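Student: Next come the chains, spelled out residue by residue.
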Amino acid sequence: MIKYFLSGVLFGVILVKSEVVSWWRIQEMFRLESFHMYGVIGSAVVTGILSIWIIKKFRIRTWGGEPIVPKTVPFQKGQIFGGLLFGFGWAITGACPGPLFALIGAGFDVIVVTLLSAVAGTYVYGLLREKLPH
Amino acid sequence: MSMIQWMQRPWPWYVAGPLIGLTVPLLLVMGNKNLGVSSSLRQLCAACLPAKVPFFQYDWKKEVWQLFFVAGILAGGFIAGVLLQNPRPIQVNPRLIEEMKGYGVGEPFDVLPNSLFNWKMVFTLKGFIMMVVGGFLVGFGTRWAGGCTSGHSIMGLSNLQWPSLVATICFMAGGFFMANVVLPVILKI
Chain G
113 MIKYFLSGVL
123 FGVILVKSEV
133 VSWWRIQEMF
143 RLESFHMYGV
153 IGSAVVTGIL
163 SIWIIKKFRI
173 RTWGGEPIVP
183 KTVPFQKGQI
193 FGGLLFGFGW
203 AITGACPGPL
213 FALIGAGFDV
223 IVVTLLSAVA
233 GTYVYGLLRE
243 KLPH
Chain Y
84 MSMIQWMQRP
94 WPWYVAGPLI
104 GLTVPLLLVM
114 GNKNLGVSSS
124 LRQLCAACLP
134 AKVPFFQYDW
144 KKEVWQLFFV
154 AGILAGGFIA
164 GVLLQNPRPI
174 QVNPRLIEEM
184 KGYGVGEPFD
194 VLPNSLFNWK
204 MVFTLKGFIM
214 MVVGGFLVGF
224 GTRWAGGCTS
234 GHSIMGLSNL
244 QWPSLVATIC
254 FMAGGFFMAN
264 VVLPVILKI
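Those protein sequence lines, which keep their order, are chains G and Y.
Counting with the working numbering, you get residues 113 to 246 for the letters of the first sequence.
Counting with the working numbering, you get residues 84 to 272 for the letters of the second sequence.
Bound conformation, chain Y alone:
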């Protein structure tokens, strides 16, 4: 196996998980920063359209490191997803592939099912729900909850904060309900 092929391979959970965990002390040691991604969305609101909404009238420049962090995530996505793209289809449970075939989603050739996430689909009811409504729920829900998977489930749990455990349990409960009960209906549209 060549060097490039080795670098294109996806990482197992026991490599990726501890590395994600290490970003917690990394950011703390760099400057007392708490890992969290969703607050960058609030920053974008405060920076772009603060207009008289008290929630966005704060000194966002103090927390500007978050914008640098998410810009880095974008660049990291390019490095790993484009430069070192895994040429092989993602290996998922065959049961899931069978189920999704039933909804006409197709095979998992790519990270996302291209049949659902594309520009034409944005203007269909199904695609609108998947991309626009789904995204809205992510932004609205994380801010109401005060954090997302990184802020609550990684950072909060790492610091043994029980409210972050409550949030994480609700993330999972909401996800289980949506994926098993509602999403099949959406996918049949």
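Bound conformation, chain G alone:
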């Protein structure tokens, strides 16, 4: 499990160093006032697509020797409704779930409130799940 911890450390360092944890950067993105966030997400996706293509092409296996099977995502309506709600939350808080953890680590202790509220939101979703369209 230490390897996943260390991957997280790396991920957290990148999130802070690239300033994608910044409320200001998120506001710029949603006002089309800067290319920065689009560059980060776009180049991350291109790198990810190439990586998975290489993994599939050369049938690369895991360290444990298993075949690698990246997840597939079936469509459900939550991707629209939940996606919009998350978009609202992202623009208000300036943070998606990864940055919430990184910001707390970076010393913004009040973001604990936002994180706990996000856990509460997840919990309420669990309670209402049967009643929501999927």
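No lab work stands behind these hints: they were computed from the structure.
Remember, predicted model here, so these are calculated numbers, not experimental data.
Glycine residues also receive a C-beta, built at the ideal position from the N, C-alpha and C atoms.
Partner residues are not named here, just some residues of chain Y that face chain G (Cβ under 7 Å, in silico):
1) 94
2) 101
3) 124
4) 125
5) 155
6) 215
7) 237
8) 249
9) 253
Quick list of the computed label-pair ranges, beta carbon to beta carbon:
10) Y/130 / G/143: 37 to 45 Å
11) Y/168 / G/180: 31 to 39 Å
12) Y/260 / G/162: 29 to 37 Å
13) Y/144 / G/180: 18 to 26 Å
14) G/162 / Y/207: 44 to 52 Å
15) Y/268 / G/187: 27 to 35 Å
16) Y/98 / G/169: 20 to 28 Å
17) Y/131 / G/245: 23 to 31 Å
Let chain G serve as the given structure and place chain Y on it in line with the hints.
Tutor: Relative to the frame of chain G, chain Y by itself:
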């Protein structure tokens, strides 16, 4: 420029973006793990208060790597944000600074506007909306959507999953609407 000054500098998009993208194959090669952060919030619910909610009654220990991953993000935030903190104010578009001055938000000295995100503000209407309601929407929305920026926009798109593109478009649409139409009203409170 000293070594320390060099390490304190923020990274341009073309350095950070590919590195974020490389976490996708890294986690896959380590053990068939799909990059995703928001499911860790479900894990926290399942681990702490599973009480009779079917959605949280699953073997969360099987996916416990996610909790190690987010604990790592926290530590990474400390390394980059405290130990290697960028001493210079973040360089954002002057138009944004002007707009935010109009709402009394102040200058971007820090990663977050300190005038909005602080403990006193939690107990005001504006701060409650910004931190508590905003956080709730993040947790509720990502779980309903089945993922967040990392799970859908990075991992899902990397594996060419069209439903992840639908989710990403909705994240952006929601964000554009909130940032340009609703947030100005909230900031004027």
